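**Student:** Each chain, letter by letter, is given below.
2 protein chains.
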Amino acid sequence: MENEDAMRFFIENPAPPTLSDVENKVNKFIDLQPENRNVVLVTSGGTLVPMEKNMVRYIDNFSAGSRGAASAEYFCKAGYAVIFLYRNFSMMPFVRHFEGPWTNLFAKKDDESPLSWEIKDSLRNMLSNSLEDLELMKEQNQLLCLPYTMLTEYLWYLKTVAEGLKCLRSRALFYLAAAVSDFHIPAQDMSEHKIQSGAGKDKLELTMRPVPKFLRYLVDSWAPEALIISFKLETDENILIHKARAALHRYNHQLVIANLLTTRKRSVAFVIHDSVMWLHLSEDDLRNGVEIEYYIVSQCVKLHKEKNLT
Amino acid sequence: MENEDAMRFFIENPAPPTLSDVENKVNKFIDLQPENRNVVLVTSGGTLVPMEKNMVRYIDNFSAGSRGAASAEYFCKAGYAVIFLYRNFSMMPFVRHFEGPWTNLFAKKDDESPLSWEIKDSLRNMLSNSLEDLELMKEQNQLLCLPYTMLTEYLWYLKTVAEGLKCLRSRALFYLAAAVSDFHIPAQDMSEHKIQSGAGKDKLELTMRPVPKFLRYLVDSWAPEALIISFKLETDENILIHKARAALHRYNHQLVIANLLTTRKRSVAFVIHDSVMWLHLSEDDLRNGVEIEYYIVSQCVKLHKEKNLT
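Chains as they are written, first to last, in the numbering used here: chain B, 6 to 315; chain P, 6 to 315.
Hint data in this document are derived by calculation from the structure and do not stem from the laboratory. Keep in mind that this is a model prediction, so the values were computed, not measured. Please note: incorrect hints may appear among the correct ones.
Copies of one chain are not kept apart here, so a pair can be met inside one copy or by any two copies together.
[Unchecked claim] List time: in silico DMTMM-like cross-link candidates among lysine to aspartate or glutamate, alpha-carbon distance up to 20 Å: (1) K307 x E296; (2) K113 x E123; (3) K114 x D126; (4) K208 x D194; (5) K143 x D115; (6) K125 x E137.
With the hints as extra help, turn the sequences into a complete structure.
**Tutor:** The structure is reproduced here in C-alpha cells:
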C-alpha cells in the first residue's frame with residue numbers, strides 16, 4: 006500500500022527536466038569510486054512545497070542545513086565518497102563556516118582607490134583553506150554536490166541516487182538528514198493561479214495530503230542491502246523517542262537519530278531496535294568547539310563496518 | 006474596522022526585541038537628511054509566516070527581491086534617501102548583480118599554493134564597483150538597509166518607519182514592493198509544537214486568517230501626507246487590473262503598480278484613479294539590458310514631484 010502510494014507519486018508528479026543530468030553525474034561519480042571506498046548519500050536542508058501551480062506562495066521546512074553539511078564533511082574525512090543532496094543555497098561542507106551576506110567577505114584596502122576591494126585579512130585563511138578543501142574533495146571524486154529546491158526534485162533525485170547506489174550493495178550508506186515535508190498539495194488539487202484573499206474573506210482553508218513514505222520503498226526496493234539512517238526532529242521531548250521507535254518499526258530500517266529542535270546541537274539519541282543510546286557533547290567538547298556531527302558520523306561509520314562484518 | 010484589526014495585530018503579536026534598535030537607526034537616518042532630500046521607503050522580498058510556535062514549518066512568499074533591490078538603486082541615483090526594508094538574504098541594491106553561491110566569487114591563482122584563492126579576475130571590477138557604490142551610499146546617509154524575516158517583524162518595522170517619516174510629511178514616499186503574506190496563523194491559534202503527521206492521517210487541514218490590511222492604516226494614520234505606492238502581483242491577467250483598482254479604492258492611496266508573475270520584468274501597469282497606463286520595455290531596451298525598474302522609478306519620482314506642486 007505504502008509502496009503503491011510512492012509509485013503513484015512519481016506518475017502524478019513528472020520528473021524535473023534536470024533529472025537526466027543528475028542521473029549522469031551520479032552514475033559517473035559511482036563508476037569512479039575505487040572498490041574499497043564506501044559511498045554515503047547525505048541529504049540536507051528543507052524541501053519546498055508550492056501552494057499554487059503558478060507559484061506565488063509555498064510551504065517550507067525550517068533548516069539551514071547545518072547538520073547535513075557538517076556530517077558530509079566528517080564523512081569525507083572518514084574516507085567515504087559523499088553524494089551531498091542539499092537544498093540550493095543552504096550550507097555546504099567545508100565552506101560552511103562563513104554565514105551571512107557575501108558582501109561581508111570584503112573590505113576596502115585603499116581609501117583612495119575605488120577598485121581596491123579585497124578579501125578581508127581576518128577571513129583570508131579561513132576562506133582559502135575551506136575553498137581548497139572543497140575543491141580537493143571534488144577533484145578526488147570524493148564529493149558530489151547536487152542542489153534541489155522542490156519536494157518533487159528531492160524525491161526524484163533520491164530515487165535516482167538510490168538506484169545508482171544499488172550496485173554497491175552493502176557499501177552504500179543513506180544518511181537522510183534533510184527536513185522533508187510530511188504534507189504537500191498534490192498537483193491535481195493545486196490551484197492554477199494565486200489563491201485569492203479578497204475583501205471580506207475571513208479565512209483560507211488549506212487541505213494538504215501526506216507525502217508518501219519513501220523510506221519504506223528505499224528499504225524494500227531501491228537499496229535493500231544498504232545501511233539506512235533516518236532522522237527524527239521533534240519539538241516535544243515527551244514524544245521524541247516514541248516517534249523514533251515507531252518510524253523504525255514502520256520502515257524496518259536500521260537506525261533513527263532522534264533530536265529536539267532546541268538541543269539538537271548538543272544531544273541526539275541513537276534509536277536502534279529496542280535500545281536507545283544518547284550522545285551528548287561534554288562541557289569540554291563545547292569549550293573546544295567540537296561538533297556533535299563528529300561523534301554522530303564516527304558512530305555511523307562504526308555501525309556500517311559492524312553491519313558489513315556480520 | 007480595518008484599523009481596529011491592524012491595532013489588534015500589534016497587541017496580539019508583540020514587538021520583536023530588535024525593534025528599539027531599528028527605531029534608533031531610522032530616526033538617526035531621518036535626522037541626518039538635508040532639507041531638500043526626499044526619503045523613500047522601499048520594501049522588498051517575501052515575508053515568512055510560521056506554522057508552529059516552535060517553528061519547524063513555515064509559509065513563505067516567493068520573491069527574490071529583484072524589483073525592490075533594483076528600485077532602491079534607482080531611487081538612490083535619483084537623489085532620494087532610501088530606507089530599504091528587505092527580507093534577510095534577499096537581493097540588495099548595487100550588489101544585486103552577483104547571484105549564486107558566494108564560493109563562485111573565487112578562483113585559485115596558483116596551483117601549488119593552497120592559500121592562493123582570490124577574487125575571480127572576471128568578477129573583480131563588477132565586485133569592486135558594486136561594493137564601492139553600496140558603501141558610498143551608506144556613508145552619504147543615502148541608504149539604510151533593514152533586514153526582516155518574519156511577517157511580524159516586517160509589520161512592526163513598517164509601522165516604525167512610517168511613524169519616523171511622518172515629520173517629513175509630503176517629502177516621504179512609500180514604495181511597497183515586498184510580497185507580504187495575505188494570510189497567517191494568529192499566535193493564539195498556532196500549535197505549540199510541530200504539527201504531527203502520524204501513520205494513517207490522511208490530510209492536514211490548515212486554517213489561516215487574513216493579515217489585517219495595514220495599507221489603510223498607513224494612509225489614514227501613519228503617513229497621511231506621503232505618496233503611497235503599492236504593488237499587485239497576480240498570475241491571472243484577467244483579474245489583474247480589476248484587483249489593482251479594487252485595492253486603490255479600498256485603501257484610498259494614490260497608485261497601484263500591477264504586474265503579472267510571468268511578464269513582470271518587461272511590463273507593468275500604473276493604475277491611478279480611473280486611468281491605467283501600461284509601461285513596456287521596448288525591443289531596444291531588452292537588447293541593451295535596460296531594466297523596467299529604471300522607468301518605474303522615473304515615473305514615481307515624477308508623480309511625487311507633481312503631487313507636491315499641487
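**Student:** Next step is simple, just say for each hint if it's right about the structure.
**Tutor:** Do the hints match the structure? See the list:
no. : hint        : verdict
1   : K307 x E296 : within (18 Å within a copy, 56 Å between copies)
2   : K113 x E123 : both (6 Å within a copy, 15 Å between copies)
3   : K114 x D126 : both (10 Å within a copy, 17 Å between copies)
4   : K208 x D194 : both (19 Å within a copy, 13 Å between copies)
5   : K143 x D115 : between (36 Å within a copy, 18 Å between copies)
6   : K125 x E137 : both (17 Å within a copy, 15 Å between copies)
This entry satisfies every hint, going by the numbered hints stated previously.
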